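Following our numbering, the numbering of the sequence shown begins with 10 at its first residue and continues without gaps.
Derived by calculation from the structure, the hints in this document are not laboratory data.
Note that the structure is a prediction, hence the values are computed from the model and not measured.
Don't be surprised by glycine CBs; every beta carbon is placed ideally from N, CA and C.
Hints are not guaranteed to be accurate.
[Said to hold, decoys possible] Quick list of simulated restraints, FRET-style, between CB atoms: (1) 136 <-> 72: 26 to 34 angstroms; (2) 130 <-> 185: 18 to 26 angstroms; (3) 14 <-> 66: 31 to 39 angstroms.
[What the hints assert, rightly or not] Cross-link-like lysine-lysine pairs, in silico, DSS-like; alpha carbons within 30 angstroms at most: (4) 18 <-> 215; (5) 15 <-> 215; (6) 130 <-> 215; (7) 18 <-> 130.
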Amino acid sequence: MPGGTKNLKVSLIALTFVILYGSGFVGGRYGLPYAEPFFYLAIRFGATAVILFVLILCFRVAWPRSGYLHLMLSGILLQGVFSVGVFYALHHGMTPAVSALIIALQPLLVWLMVSVVTARKVRPLSVLALLGGLVGVAITVYRGLESSSGLTPTNVAFGVLGLVGVSTGQFAFQRKNPGAHLLINGFVQSGSSAVVMLAGGLVFEKGVIRWTPQFVLSELWMSVGVSIGALSLLFVLMRSESADRVASYFYGVPIAAGLIAWPVLGQRPTASEIIGFAVIMASITVFNRSSRTPHTEPAPAAPAEDSVPAAERA
């Protein structure tokens, strides 16, 4: 595939991922008032696993012979720990603005992991671009910081837990990508996360769930649109892009969440938010251009032979 066409394809995938992933913050707001975080997430990931299992059977996807433990651990970090951290912080009063600012440290954390593990030469322009993206997020959410933000030590700890979960989960998955089919990836990671969330709910929560239309719609969207749609695109990006470049796309998530909240929640973007959006987009562009030179990370693993759908091998 020509370089220009490939870059355009990756950009479109990244844009769609950012939109779907950002919608999760809006979708979660509808469902979280009707269930505690662990049980909300257990239902979300459980429904996702069931849907993916049905698709695996329909498309006759072959099960790989190995790699399940790695998929489970990376999935629990990438999906479970991240979601628990963010949702519990929001559940205990932290505003989406503060939560977004904490999670926006992810590109910096992943870049640091990549640089340390691979002993890669640090490019000043890349560092400036990452810092610029963080500044853009701060500009975007600063009004939320001025209000009652729920900035307690407990909430900050939950936010940092989510940050560490999504960062280490993404990095671990890319360092040892088992090359399984996308449906297998999603099923194993969502299923293992559902088990952990259910265990957490049984230990720490009362299990009260109000099955309102808003709750059901929220769960459906978070399962299909975010856990299947957004995360499948994330898996595609992680197979074709370096870890730090993939992480840089997370800077765009607050933009998507803000724009989606406008028609859905009636939260119109302010002038400062629009400026922050522009700074974020410019920073992502500069970072991706500065990191296009060859890097020392191992190439993403090729799909394993036993992960090819049976119909394709026939």
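Going down the list of hints, with the structure as the test:
1. At roughly 42 angstroms, the beta-carbon separation of residue 136 and residue 72 lies outside the given 26 to 34 angstroms, and the hint is violated.
2. Taking the beta carbon of each, residue 130 and residue 185 are about 23 angstroms apart, inside 18 to 26 angstroms as hinted.
3. Taking the beta carbon of each, residue 14 and residue 66 are about 34 angstroms apart, inside 31 to 39 angstroms as hinted.
4. Between residue 18 and residue 215 the alpha-carbon distance is near 46 angstroms, which puts this suggested pair outside the 30 angstroms criterion.
5. Of the supplied pair hints, the one linking residue 15 and residue 215 is violated, its CA atoms being roughly 49 angstroms apart against a limit of 30 angstroms.
6. Between the alpha carbons of residue 130 and residue 215 the distance comes to roughly 50 angstroms, so the proposed pair goes past 30 angstroms and is violated.
7. With a C-alpha separation of about 28 angstroms, the suggested pair residue 18 and residue 130 falls inside the 30 angstroms cut-off, and the hint holds.
Checked against the numbered hints given earlier, this structure breaks hints 1, 4, 5, 6; the rest are met.
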